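> From just these sequences and the hints, can you work out the full model?
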Amino acid sequence: MTNFVDDERFDAMYMHVSDTARGIEPMLDTVFSFLRRKTDFFSGPPGAENGTAAAIAKVNQVLNKHAKLYQEEQDKKAAIAAAKKKKKEDAEAKKKAEREANAVNPMQLAAEAARKAAADAKKAEPGIVEMGNDGGFDISSSSSSTPAPTASMPQSSSEPAAAAAEPAKKAAAAAPEEAKEDDTPGLGNGGTEPGKYVWTQTLAEVSVTVPLPDNTRGKDLNVTIARTSLKVGLKKDKGEWIINAPLTKTAIVDDSFWTVEDGNRLVINLQKSNQMEWWDSLCQGHKKIDVKKISPENSSLGDLDGETRKTVEKMMFDQRQKAMGLPTSDEQTKMDAIDNFKKAHPEMDFSKAKINMS
Numbered sequence: 001m002t003n004f005v006d007d008e009r010f011d012a013m014y015m016h017v018s019d020t021a022r023g024i025e026p027m028l029d030t031v032f033s034f035l036r037r038k039t040d041f042f043s044g045p046p047g048a049e050n051g052t053a054a055a056i057a058k059v060n061q062v063l064n065k066h067a068k069l070y071q072e073e074q075d076k077k078a079a080i081a082a083a084k085k086k087k088k089e090d091a092e093a094k095k096k097a098e099r100e101a102n103a104v105n106p107m108q109l110a111a112e113a114a115r116k117a118a119a120d121a122k123k124a125e126p127g128i129v130e131m132g133n134d135g136g137f138d139i140s141s142s143s144s145s146t147p148a149p150t151a152s153m154p155q156s157s158s159e160p161a162a163a164a165a166e167p168a169k170k171a172a173a174a175a176p177e178e179a180k181e182d183d184t185p186g187l188g189n190g191g192t193e194p195g196k197y198v199w200t201q202t203l204a205e206v207s208v209t210v211p212l213p214d215n216t217r218g219k220d221l222n223v224t225i226a227r228t229s230l231k232v233g234l235k236k237d238k239g240e241w242i243i244n245a246p247l248t249k250t251a252i253v254d255d256s257f258w259t260v261e262d263g264n265r266l267v268i269n270l271q272k273s274n275q276m277e278w279w280d281s282l283c284q285g286h287k288k289i290d291v292k293k294i295s296p297e298n299s300s301l302g303d304l305d306g307e308t309r310k311t312v313e314k315m316m317f318d319q320r321q322k323a324m325g326l327p328t329s330d331e332q333t334k335m336d337a338i339d340n341f342k343k344a345h346p347e348m349d350f351s352k353a354k355i356n357m358s
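full-length UniProt numbering numbers the first residue of the sequence shown as 1 and each following residue consecutively.
Derived by calculation from the structure, the hints in this document are not laboratory data. Mixed in with the good hints there might be a few duds.
To be verified - Dumping the calculated DSBU-like pairs for lysine-lysine here, alpha-carbon to alpha-carbon at most 30 Å: (1) K231 - K288; (2) K231 - K219; (3) K85 - K219; (4) K95 - K77.
Said to hold, decoys possible - Simulated DEER-style distance windows between Cβ atoms: (5) T224 - T333: 39 to 47 Å; (6) A57 - H16: 28 to 36 Å; (7) A67 - P246: 51 to 59 Å.
This structure is a prediction, so every number in the text was calculated from the model and none was measured. Built from N, CA and C at the ideal position, the CB exists for glycine as well.
Put into structure tokens, the structure is as follows:
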């Protein structure tokens, strides 16, 4: 027996009737008009006592059947939507937990930067020139606890001046070298923009922590995350921005977000458009890191699917090979293929062959 409940054979005809009737009630009128004029639906079969009541009961029966089917379909759709929502929420919760577990303490980064700056400043200090008891000059390093012996013989005025100038010249010559900006990535494969923010990164995302005044709320901030730029500022400081610059790389706006934590810091999470490359800085013109010095083990490779992880590991291997002046995996494959071909054809002379590896 044919199941007419989900029969689609008459859809085209009913679509034509629906377009012509232009409304639910006029369309139903055409159906019941046909039953009234062309069938015994309302009168019932011969001998029936109350055919109209039976007709109404039948209509209600069919209507209730389709109402029940409709409700079951809606419940099924709602269950699927709820399952998808829960799956998404669970994934976001897991991601947040992993991010918090791997998060770098901004205070730790700041303390490390301060210690580094103090050490660099100490290295850059010039030697100290002091007057000895006998009128000679005592030249010693600021870090030395043992004073240098003073000359026992009187010195001419030009000699101490020359002696005093020598360490100063050495310090001046060494200062530019020591003052070079250290581009080694900090903890979390990121860096620090002094007085503004600390940032870390994985292959998939960038996390930015911005210190704020105590008791700052979200409504006190102006934060604009765009595909190619980032703006952060306090509403009370009109016209002044903590961050207002183009991003080094592009971000996925819909998957990026920000939140205020503990009322004293802003945490921004930027989802990278290209999740197979490192950023050398958060914004253009800000302090850069050397991506060649990034430790691959700090990346979340375990979170990637097999194919993506394989590609990322290949990319990291090629990056290390290039840094050491060695062939990449593709170049090595081509070289191996050429070597095998040479071995298979010893009769051929390749001494004058020009081989293009590109």
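> Each of the hints needs a verdict: does it hold here or not?
Right, here's what the structure says about each hint:
no., hint, in the structure
1, K231 - K288, "holds, 19 Å"
2, K231 - K219, "holds, 15 Å"
3, K85 - K219, "holds, 28 Å"
4, K95 - K77, "holds, 27 Å"
5, T224 - T333: 39 to 47 Å, "holds, 46 Å"
6, A57 - H16: 28 to 36 Å, "holds, 30 Å"
7, A67 - P246: 51 to 59 Å, "holds, 57 Å"
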